[in-house]
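A.B. asks: Numbering (the working numbering) for the sequence shown: 243 to 548.
One should not assume that every hint holds.
Ranges between beta-carbon positions, derived for each pair [stated by the list, open to error]:
no.: 1; residue 1: Arg505; residue 2: Cys370; range: 46 to 54 angstroms
no.: 2; residue 1: Pro371; residue 2: Leu332; range: 27 to 35 angstroms
no.: 3; residue 1: Phe395; residue 2: Glu303; range: 33 to 41 angstroms
The calculated lysine to aspartate or glutamate pairs, modelled on EDC-like cross-linking and capped at a C-alpha distance of 20 angstroms, are [to be verified]:
no.: 4; residue 1: Lys357; residue 2: Asp450
no.: 5; residue 1: Lys400; residue 2: Asp469
no.: 6; residue 1: Lys490; residue 2: Glu305
no.: 7; residue 1: Lys418; residue 2: Asp313
no.: 8; residue 1: Lys392; residue 2: Glu462
no.: 9; residue 1: Lys490; residue 2: Glu308
no.: 10; residue 1: Lys412; residue 2: Glu482
no.: 11; residue 1: Lys490; residue 2: Glu301
no.: 12; residue 1: Lys337; residue 2: Glu482
no.: 13; residue 1: Lys399; residue 2: Glu434
no.: 14; residue 1: Lys323; residue 2: Asp450
no.: 15; residue 1: Lys400; residue 2: Asp453
no.: 16; residue 1: Lys402; residue 2: Glu434
no.: 17; residue 1: Lys392; residue 2: Asp469
no.: 18; residue 1: Lys400; residue 2: Glu470
no.: 19; residue 1: Lys412; residue 2: Glu308
no.: 20; residue 1: Lys412; residue 2: Glu303
no.: 21; residue 1: Lys400; residue 2: Glu308
no.: 22; residue 1: Lys337; residue 2: Asp453
no.: 23; residue 1: Lys412; residue 2: Glu305
no.: 24; residue 1: Lys418; residue 2: Glu497
no.: 25; residue 1: Lys402; residue 2: Asp469
no.: 26; residue 1: Lys412; residue 2: Glu489
no.: 27; residue 1: Lys323; residue 2: Glu489
no.: 28; residue 1: Lys490; residue 2: Glu328
no.: 29; residue 1: Lys490; residue 2: Glu303
no.: 30; residue 1: Lys492; residue 2: Asp313
no.: 31; residue 1: Lys323; residue 2: Asp313
no.: 32; residue 1: Lys323; residue 2: Asp469
no.: 33; residue 1: Lys399; residue 2: Glu482
no.: 34; residue 1: Lys493; residue 2: Glu308
no.: 35; residue 1: Lys492; residue 2: Glu301
no.: 36; residue 1: Lys323; residue 2: Glu482
It is worth saying that the hints were derived from the structure and are not from the lab. By construction, the Cβ of each residue, glycine as well, lies at the ideal position given by its N, Cα and C atoms.
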Amino acid sequence: MVQSESSPADRTISSSVIPNQARSGIINALRILFELDSDEPSSRRRGNTHTCEDQIITEHEQEWVEYIRNDADIGIITLAKYHHSENFYLMYYFKGMLIVMIIAQWLIPIILTFKATKSYMNLGWGMCPNNAPAPTRVQTFAIGLVYTSKISFLVAKKLKDMHCSPLLNKTRSGGKIQIFVAMDRFMYLFYEVLVYLVNMWIVFLTLDPLDIVFNSLAIEFVVILDDEIKNMYIALFPPEKKQMCLEKYKKGNNENGKNPIKRWQFCLVKVIYNVNLWSIPFFILGFFILFIFSLVCKPGGEPGPT
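My request is simple: use the sequences and hints to build the entire structure.
C.D. replies: Encoded structure:
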């Protein structure tokens with residue numbers, strides 16, 4: 243019996259089909275594992291008929307969708323609190339990832355500041371050595387001008403965005419979501435201005451011009467990290483159809499009248515808002531003082547005696 247040999251073209255086609263099928267199978271498995279979007283309804287995939295994804299979005303819920311997507315009130319702290327998944331482990335996995343991002347945003351500036359301060363103190367130059375070469379001073383001046391302009395526009399924009407959304411009940415009869423919204427607002431305004439102020443201090447302490455640029459880029463990365471994470475999260479988990487069950491947000495806002503915010507929690511929210519608002523003039527004043535101080539006392543040149 244003569245066996246027909248497959249041609250090289252047939253072997254090429256079959257070898258390309260198998261990896262494509264395997265790749266499609268892996269992608270579908272990951273979609274099911276992480277409960278991502280697919281053409282098949284979620285109730286058919288998991289056998290459920292009352293999931294958040296299958297609900298018809300009302301006009302009021304559509305307002306919540308737009309609020310979650312576009313309003314600065316909702317940051318990664320609120321997303322971490324109200325993230326929802328039918329899979330217990332996945333729910334806390336993504337909650338944990340959001341919390342890790344928050345911790346990273348605080349740790350990176352702290353570590354950079356500690357490292358720059360320690361390296362500078364080891365030189366034994368004092369607070370105002372005033373021995374930087376002209377190119378380093380020019381670079382510091384340029385970075386200071388960029389930050390001065392950026393902080394001015396940044397603060398103006400963020401104060402303009404701090405409007406009171408009609409959806410969020412910010413009264414004593416509101417819900418506990420006010421706490422997380424206040425913390426997101428704190429990160430949105432107070433934190434970003436503080437980080438730029440810290441970076442100006444790092445620019446003053448850093449001697450190498452390249453290190454100054456790299457540290458500034460690192461700070462820029464940290465500042466925009468929460469916005470990038472929120473955009474990716476919303477793209478991965480659309481509030482109108484996936485994990486973020488809108489009922490959790492409405493319950494957190496006490497729309498059912500059964501879960502009002504506690505008095506001490508409401509007082510805490512007021513404190514956060516006031517600190518967030520009234521600290522800005524002091525930050526701006528501190529930034530201008532540090533800017534002038536950096537130009538006058540900028541260290542550089544050869545290390546002095548220790």
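A.B. asks: Could you run down the list of hints and mark each one as holding or not?
C.D. replies: Taking the hints in turn, this is what the structure says about them:
1. A beta carbon spacing of about 49 angstroms between Arg505 and Cys370 agrees with the range 46 to 54 angstroms that was offered as a hint.
2. Pro371 and Leu332 have their C-beta atoms about 54 angstroms apart, which leaves the hinted 27 to 35 angstroms range violated.
3. The hint said 33 to 41 angstroms for the Cβ distance between Phe395 and Glu303, and at roughly 35 angstroms that hint holds.
4. With a C-alpha separation of about 14 angstroms, the suggested pair Lys357 and Asp450 falls inside the 20 angstroms cut-off, and the hint holds.
5. With a C-alpha separation of about 13 angstroms, the suggested pairing of Lys400 with Asp469 holds against the 20 angstroms cut-off.
6. For the proposed pair Lys490 and Glu305, the alpha carbon gap of about 15 angstroms is at most 20 angstroms, so the pair holds.
7. With a C-alpha separation of about 18 angstroms, the suggested pairing of Lys418 with Asp313 holds against the 20 angstroms cut-off.
8. Proposed proximity of Lys392 and Glu462 is supported: the alpha carbons are some 11 angstroms apart, at most 20 angstroms.
9. For a cut-off of 20 angstroms, the pair hint linking Lys490 to Glu308 stands: about 16 angstroms separates their Cα positions.
10. Between Lys412 and Glu482 the CA atoms are separated by roughly 24 angstroms; this puts the pair beyond 20 angstroms, and the hint is violated.
11. With a C-alpha separation of about 17 angstroms, the suggested pair Lys490 and Glu301 falls inside the 20 angstroms cut-off, and the hint holds.
12. Of the supplied pair hints, the one linking Lys337 and Glu482 holds, its CA atoms being roughly 19 angstroms apart against a limit of 20 angstroms.
13. With a C-alpha separation of about 12 angstroms, the suggested pairing of Lys399 with Glu434 holds against the 20 angstroms cut-off.
14. At most 20 angstroms may separate the alpha-carbon atoms for a hinted pair to count; Lys323 and Asp450 exceed this at roughly 42 angstroms.
15. The hinted pair formed by Lys400 and Asp453 fails the criterion: a straight-line CA distance of about 30 angstroms is larger than 20 angstroms.
16. In summary, the hint linking Lys402 to Glu434 is supported, as the alpha carbons are separated by about 15 angstroms, within the 20 angstroms threshold.
17. For the given pair, Lys392 sits about 17 angstroms from Asp469 by alpha-carbon distance, which is consistent with the 20 angstroms threshold.
18. In summary, the hint linking Lys400 to Glu470 is supported, as the alpha carbons are separated by about 17 angstroms, within the 20 angstroms threshold.
19. Between Lys412 and Glu308 the CA atoms are separated by roughly 18 angstroms; this keeps the pair inside 20 angstroms, and the hint holds.
20. A distance of roughly 19 angstroms separates the Cα atoms of Lys412 and Glu303; the hinted pair therefore holds under the 20 angstroms criterion.
21. For the given pair, Lys400 sits about 19 angstroms from Glu308 by alpha-carbon distance, which is consistent with the 20 angstroms threshold.
22. With a CA separation close to 34 angstroms, the supplied pair Lys337 and Asp453 exceeds the 20 angstroms bound.
23. Of the supplied pair hints, the one linking Lys412 and Glu305 holds, its CA atoms being roughly 17 angstroms apart against a limit of 20 angstroms.
24. About 11 angstroms separates the Cα atoms of Lys418 and Glu497, which keeps this hinted pair within 20 angstroms; it holds.
25. Restraint check for Lys402 and Asp469: satisfied, since their Cα atoms lie roughly 18 angstroms apart, inside the 20 angstroms limit.
26. The hinted pair formed by Lys412 and Glu489 meets the criterion: a straight-line CA distance of about 18 angstroms does not exceed 20 angstroms.
27. Of the supplied pair hints, the one linking Lys323 and Glu489 holds, its CA atoms being roughly 13 angstroms apart against a limit of 20 angstroms.
28. For the hint pairing Lys490 with Glu328, the CA-to-CA distance comes to about 13 angstroms; that is within 20 angstroms, so the pair holds.
29. Using a Cα cut-off of 20 angstroms, the hinted pair Lys490 and Glu303 holds, with the two alpha carbons roughly 11 angstroms apart.
30. Between the alpha carbons of Lys492 and Asp313 the distance comes to roughly 16 angstroms, so the proposed pair stays at or under 20 angstroms and holds.
31. Note on Lys323 and Asp313: the hinted pairing holds, with a Cα-Cα distance of about 16 angstroms set against a maximum of 20 angstroms.
32. For a cut-off of 20 angstroms, the pair hint linking Lys323 to Asp469 stands: about 17 angstroms separates their Cα positions.
33. A threshold of 20 angstroms between alpha carbons decides the hint, and for Lys399 with Glu482 the separation of about 28 angstroms lies outside it, so the pair is violated.
34. As the CA atoms of Lys493 and Glu308 are separated by approximately 17 angstroms, the hinted pair is consistent with the 20 angstroms bound.
35. Between Lys492 and Glu301, the direct Cα distance comes to roughly 14 angstroms. Compliance with the 20 angstroms bound is thereby established for this hinted pair.
36. Taken as a hint, the Lys323 and Glu482 pair is honoured in the structure, with Cα atoms around 17 angstroms apart against an allowance of 20 angstroms.
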